Amino acid sequence: MKNAIAAFVVGLTFSIGLVISGMTQPQKVIGFLDLFGSWDPSLMFVMVGAIAVHFVTYRLIRRRKSPLLDETWHVPAKKEITPSLVVGSLLFGAGWALGGFCPGPAITSLAAGQKQTLIFVISMLLGMFIFRILDKKMKFQR
Amino acid sequence: MNQEWINALIGGVIIGLSVSIMLLMNGRVTGISGIIDGLLGPTKGDSLWRLLFVAGLVLGGVFMMPFKPEAFVNTVSTSDLTVAIAGLLVGFGTILGSGCTSGHGVCGMSRLSPRSFVATITFIAAGVAAVVLFKKLGVYL
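Taken in sequence, the protein lines are chains L and H.
Residue 28 in the numbering used here sits at position 28 of the first sequence; the count goes up by one each step and never skips.
Residue 181 in the numbering used here sits at position 39 of the second sequence; the count goes up by one each step and never skips.
Everything labelled a hint here was simulated from the structure, so no lab data went into it.
Owing to the predicted nature of the structure, the values given are computational and were not obtained by experimental measurement.
Treat each hint with caution, since some may be false.
Per the computed footprint, the stretches of chain L lying under chain H, defined by three or more beta-carbons under 8 Å from a beta-carbon of chain H, are [as the list claims (entries may be wrong)]: (1) 12 to 18; (2) 52 to 60; (3) 67 to 78; (4) 93 to 102; (5) 109 to 118; (6) 122 to 134.
Backbone N, C-alpha and C fix where the C-beta goes; we use that ideal spot for every residue, glycine too.
Next up, chain L with everything else stripped away, as it sits in the complex (with noise of 0.2 Å):
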């Protein structure tokens, strides 16, 4: 239970962050990959922003033996660059230039009660759906 609680808390904070720095706007989104148009390269301070701070809390919170609600550690450890990386990355990219959402910022948008959105995050839920039923058949080595 306080694992969830400190989940929700992640959400929230995660969530105003997003708003804050302008990630929910997909005409800033399509705007920060239009490199060879009209650049608008506000969002490239996101990451900027992000990575400053989680490259030195990383660090710090992984001298701990372990986290402070659970046993172990559930950090990815993979390190082989695989097929299923590549190909699925590049669909993501083709997709969040479509549409102008990621999936964090398409469901702290849904707040605003907006139909795209919606269509967005339902098809957004089909197609990891889709990848499940596919994934047996198919067995990807992700």
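Got chain L sorted already, so can you dock chain H onto it with the hints?
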């Protein structure tokens, strides 16, 4: 530095702190696509934190709306079908690629994960190339 850049930086710092809370408390990476995907094939005892995380993501939006209403205005004019295709690509792509902007772009890059470097460079490059193509095709109305 204009105001938008400063806001982006402040928002980024908050996101960096937020994912640090997840790591310190639960020992987890804040990978939003993965957290959502875990709800589609739930395992016992592993759903409540995911649900509350998603609830927090929406409530944060509700809380911020009066302070920054312009953050909830989507001025990109596309058809419903285009938005649906975008959602399918994002959903399928992030799971095949083991992560999105949060998991790879923030958490993975911060711990210098080679997989996350490759993923982040790939999805940004794909996004840049896709915008060039979509503008030519007249996808953005």
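8 Å C-beta test of the region 109 to 118 of chain L against chain H, three or more residues: holds (count 8)
Coverage of the region 12 to 18 of chain L by chain H, judged on three or more residues with CB within 8 Å: With 7 residues closer than 8 Å to chain H, the region 12 to 18 of chain L meets the three-residue bar; holds.
8 Å C-beta criterion, at least three residues: is the region 122 to 134 of chain L covered by chain H: holds (count 11)
Residues of the region 93 to 102 of chain L with Cβ under 8 Å from chain H, three needed, outcome: holds (count 10)
Verdict on chain H covering the region 52 to 60 of chain L, criterion of 3 CB contacts below 8 Å: holds (count 6)
Verdict on chain H covering the region 67 to 78 of chain L, where coverage means 3 or more residues with a C-beta closer than 8 Å: Per the Cβ count (10), the hint holds.
Every hint, counting from the list given before, is met by this structure.
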